[in-house]
Amino acid sequence: MFDSIDDVIERFAAQQYICDRRIATVVYLAARLRKPILVEGPAGVGKTELAKVIAAALGHELIRLQCYEGLDEGKALYEWEYAKQLLYTQILKDKISEILAGARTLAQAVDRIAREDDVFFSDRFLLPRPLLRAILTPAPTVLLIDEIDKADSEFEAFLLEVLSDFQVSVPELGTLKARYVPTVVLTSNNAREMSDALKRRCLHLYIDFPSLDRELQIVRLKVPGISEQLSRQVVEVVQRVRKLDLKKVPSISETLDWARALVLLNADSLDENLVSETLSAILKYEGDIRKAQEELKDYLRRARERDGLAAAARAEKDLLH
Amino acid sequence: MAAAPAMDQRIAQFANLLRESGFRISLSEHMDALEAARAVGLADREAFKDALRATLAKRAIDLAAFDELFDLYFGGLGEAIRASAAEMQAALGLEDADLQDLMETLAALARELRVELSPLAQALLQNDAGTLERLLREAGARVEVQGIQRPMQEGRYSHAIAQALGLSELNREIEDLKQRLEAAGLDEALLGKIRAFVDRRLRDLTDIIKRYVRSELEKRDHAARDALRVQSLAEKSFYYLSEEEIRRMNEAVKKLAERLKNTVSVRRKRAKRGKFDIKDTLRKNLQYGGTPFRLQLDRRVRDKPQVVILCDVSDSVRNVSRFMLQFVYSLQDLYSRVRSFIFVSELGEITKLFEEHEITEAIEQALTGNIVNVFAHSDFGRAFRIFHRDYLGCVTRKTSVIILGDARNNYNHPHEWVLKEIRKRAKQLIWLNPENRLTWGFGDSEMDRYQPYCDLVEECRNLKQLYRVIDRLVM
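Note that the protein sequences, when read in sequence, are chains W and L.
Every letter in the first sequence is one number past the one before it in our numbering, and letter 140, counting from 1, is 140.
Every letter in the second sequence is one number past the one before it in our numbering, and letter 24, counting from 1, is 24.
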């Protein structure tokens with residue numbers, strides 16, 4: 001587990017995840033208090049990534065449960081493998097008739113079969129789904145319950161039960177209890193407000209878009225070979241675009257995509273043409289693109305002037321030398 | 001840990017303050033906060049704040065208020081004490097090192113002269129912000145300064161705290177100290193410096209007390225203001241809204257849309273009847289040896305609601321229409337099969353306009369008169385007739401028709417037969433009227449004539465009423 005907040009930051013940095021102190025504090029507390037973390041925030045700020053990084057930093061296995069509308073216990077917890085059971089009964093026909101040999105009445109036969117039914121309702125035929133896997137694993141794990149807001153509220157209620165004791169009862173097998181309580185991360189895109197009961201059990205972490213400096217750090221870390229100037233311009237443009245009233249604001253991964261695309265195009269600074277050609281990397285709606293272009297014209301002109309001045313100053317310096 | 005109970009108590013008070021400001025904090029969350037605060041300790045202020053935030057503020061909309069209250073509660077006094085020390089330093093023209101020297105000299109002199117200083121005097125003269133804060137808070141608790149209600153009481157509470165703190169004893173003590181120092185025959189320059197310092201600190205203390213009382217009052221205020229804001233917004237009429245409130249209303253409409261979505265998906269799940277699903281049936285019946293023993297029906301009945309919405313944008317509802325349109329916009333965003341129309345005396349479709357533009361611009365365009373002449377006199381009858389002539393085809397058995405308007409018809413022919421026609425074809429017909437129910441039917445209001453043909457007629461002028469309507473609408 002983590003020793004301190006700084007330990008979290010360091011170990012995350014080793015996984016190439018740059019996080020601020022707030023995130024690190026909550027992760028540290030979650031480990032200390034053994035509480036699930038509920039991560040909320042706009043799409044594409046690295047909520048899911050956070051869980052992966054926690055798993056990697058702790059060296060634990062990551063078990064992921066992706067939620068969607070209609071997800072039910074069977075798909076989240078366990079199912080009996082009917083096909084396998086059926087197959088086994090077919091193969092074992094001889095053995096079964098052996099057991100049944102000598103049974104005079106139907107009731108007797110049923111009794112005999114009933115005596116054997118633990119064979120068919122045993123671990124062997126249990127198909128564990130993510131939640132049960134997290135409970136049964138022999139080593140500590142990180143359980144990621146992704147986009148919990150997409151699941152129905154009935155499922156949320158069921159989840160509460162599992163999250164509070166980390167034990168489930170399978171009627172045929174009895175109660176299964178976790179040997180290691182997994183580190184749980186739930187993410188939500190805020191498609192709906194989560195219930196108070198769920199929030200009560202979790203530590204709450206709101207991740208917003210990163211500040212300019214932090215995003216710059218991320219871009220430089222994740223897009224090797226990007227020039228100083230280009231990375232700054234890219235991040236400045238993205239941050240500026242995010243302030244506009246758009247249908248869909250660009251996420252961090254889109255910033256990275258754009259930066260990578262620009263590097264592939266061998267650009268080392270932005271100009272108007274380049275921006276209008278590649279803006280579709282960060283904006284996905286025609287209206288948004290038009291709006292952003294309007295806004296960026298002004299910015300790019302000023303950036304050019306600034307660079308022009310810098311270049312002129314450099315030239316002057318060269319001249320003096 | 002000696003400091004722990006004090007910290008627990010302060011966190012408890014803070015949690016109470018949050019509750020008063022409309023946060024929902026359960027007992028278990030409170031316990032978590034205590035545990036989390038203990039885990040990170042007090043030394044790292046940011047971490048302490050984050051720990052409390054993670055355990056106490058769990059709704060995104062609460063975060064800003066949490067930050068504000070935290071700073072008010074945990075920052076207030078300590079900040080004030082440090083600020084006043086800095087001001088003192090600047091006023092006396094002392095560098096950091098000078099001040100340190102002066103305080104050390106003073107402490108040494110006091111020891112030499114065997115002057116026993118009270119903890120308060122010591123904290124004050126040694127610039128010990130921590131102790132000073134603790135003493136102040138204790139005094140504050142004794143006079144129950146949290147009970148302060150009005151700015152008028154500031155003086156009284158300041159006085160009470162000063163008394164609880166023992167300000168007059170402190171005065172005497174310091175007077176005594178000064179006399180002893182003079183009697184000791186110190187160098188005149190040093191004596192002057194010390195005297196200035198001591199006097200200044202004494203004045204600082206009264207100042208700090210005042211700031212302390214004021215910050216307590218602000219806390220109260222904040223809590224009260226917030227509660228008031230939430231309360232009043234829900235009941236405020238659409239007619240009178242400021243910028244800030246419009247923003248909040250936007251959020252609320254968004255929430256409503258979410259709620260609508262939720263209820264719809266639940267309802268969809270409940271609808272069990274659907275098409276026969278071969279794949280699912282085979283899988284389900286494996287347990288019966290592949291004999292189709294149980295039929296599995298496709299439960300995902302895609303019965304998305306179809307909505308036709310008619311929105312009055314005439315002068316009489318000018319202030320409300322923006323919000324009604326906002327509602328229309330959200331609705332259209334949510335359901336794929338919404339057709340929206342606006343009318344005054346003519347009727348025009350705005351579905352496409354709303355699809356293509358983002359909300360503010362779309363509403364702006366709808367209200368500028370490009371679609372229909374918004375400066376005409378309302379004529380519901382005529383607008384309905386146009387609808388009947390051109391668009392009645394879009395009303396089917398599955399359609400909910402919503403009309404937003406005040407039914408002020410300027411004594412024109414109401415043509416209520418159109419509503420009758422619509423009602424016959426549609427699933428339901430809902431009329432939302434921004435006017436007070438008491439005024440319906442008076443003057444040129446034709447509400448009484450239209451009402452019999454509607455399934456649901458509701459007064460809808462503010463958010464609270466809108467909530468109620470939406471509950472019924474989705475059912």
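To be clear, the hints were calculated from the coordinates, so they are not data collected in a lab.
Take these hints with a grain of salt, some might be off.
[Said to hold, decoys possible] Okay, the calculated beta carbon distance ranges per label pair: (1) W:224 - L:138: 49 to 59 angstroms; (2) L:60 - W:16: 25 to 35 angstroms; (3) W:236 - L:355: 25 to 35 angstroms; (4) L:168 - W:217: 34 to 44 angstroms; (5) W:302 - L:437: 55 to 65 angstroms; (6) L:78 - W:217: 44 to 54 angstroms; (7) W:73 - L:138: 50 to 60 angstroms; (8) W:302 - L:131: 33 to 43 angstroms; (9) L:28 - W:171: 55 to 65 angstroms; (10) W:302 - L:67: 26 to 36 angstroms; (11) L:424 - W:153: 33 to 43 angstroms; (12) W:257 - L:355: 56 to 66 angstroms; (13) W:217 - L:116: 47 to 57 angstroms; (14) W:153 - L:19: 51 to 61 angstroms.
[What the hints assert, rightly or not] Within a straight-line C-alpha distance of at most 25 angstroms, the following computed DSS-like cross-link-like pairs (lysine-lysine) qualify: (15) L:284 - W:84; (16) L:49 - W:247; (17) L:352 - W:284; (18) L:49 - W:84; (19) W:84 - W:52; (20) L:352 - W:291; (21) W:199 - L:49.
Every value quoted in this text rests on a predicted model; they were computed, and no experiment measured them.
Every residue gets a Cβ at the ideal spot worked out from N, C-alpha and C, and that includes glycine.
Hint-by-hint comparison with the structure:
Distance hint check: the CB atoms of residue 224 of chain W and residue 138 of chain L are about 58 angstroms apart, consistent with the given range 49 to 59 angstroms. Restraint check, residue 60 of chain L to residue 16 of chain W: a C-beta distance of roughly 28 angstroms satisfies the suggested window 25 to 35 angstroms. Between residue 236 of chain W and residue 355 of chain L the C-beta distance comes to about 32 angstroms, which sits within the given range of 25 to 35 angstroms. Take residue 168 of chain L and residue 217 of chain W: their Cβ atoms lie about 57 angstroms apart, and the range 34 to 44 angstroms is violated.
The hinted range of 55 to 65 angstroms is satisfied by residue 302 of chain W and residue 437 of chain L, whose Cβ atoms lie roughly 57 angstroms apart. Checked against the given bound of 44 to 54 angstroms, the beta carbons of residue 78 of chain L and residue 217 of chain W, roughly 32 angstroms apart, lie outside it. At about 55 angstroms, the beta-carbon gap between residue 73 of chain W and residue 138 of chain L stays in the expected band of 50 to 60 angstroms. The hinted range of 33 to 43 angstroms is not satisfied by residue 302 of chain W and residue 131 of chain L, whose Cβ atoms lie roughly 53 angstroms apart.
At about 30 angstroms, the beta-carbon gap between residue 28 of chain L and residue 171 of chain W misses the expected band of 55 to 65 angstroms. Separation of residue 302 of chain W from residue 67 of chain L is about 33 angstroms and conforms to the stated range, judged on CB atoms against 26 to 36 angstroms. Judged by the Cβ atoms, the range 33 to 43 angstroms given for residue 424 of chain L and residue 153 of chain W holds: they are separated by roughly 37 angstroms. Hint check: residue 257 of chain W to residue 355 of chain L, Cβ distance near 27 angstroms, so the stated range 56 to 66 angstroms is violated.
For residue 217 of chain W paired with residue 116 of chain L, a C-beta distance near 56 angstroms keeps the hint of 47 to 57 angstroms intact. For residue 153 of chain W and residue 19 of chain L, the Cβ-Cβ distance of about 25 angstroms falls outside the hinted range of 51 to 61 angstroms, so the restraint is violated. At roughly 14 angstroms between alpha-carbon atoms, residue 284 of chain L and residue 84 of chain W fall within 25 angstroms of each other, so this suggested pair holds. Taken as a hint, the residue 49 of chain L and residue 247 of chain W pair is broken in the structure, with Cα atoms around 33 angstroms apart against an allowance of 25 angstroms.
Taken as a hint, the residue 352 of chain L and residue 284 of chain W pair is honoured in the structure, with Cα atoms around 19 angstroms apart against an allowance of 25 angstroms. At most 25 angstroms may separate the alpha-carbon atoms for a hinted pair to count; residue 49 of chain L and residue 84 of chain W exceed this at roughly 54 angstroms. Annotation: proposed proximity of residue 84 of chain W to residue 52 of chain W is violated, straight-line Cα distance about 33 angstroms (limit 25 angstroms). Between the alpha carbons of residue 352 of chain L and residue 291 of chain W the distance comes to roughly 19 angstroms, so the proposed pair stays at or under 25 angstroms and holds.
Only pairs whose Cα atoms come within 25 angstroms are accepted, and residue 199 of chain W paired with residue 49 of chain L is accepted, the gap being roughly 19 angstroms.
Violation of the numbered hints given earlier is confined to hints 4, 6, 8, 9, 12, 14, 16, 18 and 19; the remaining hints are satisfied by the structure.
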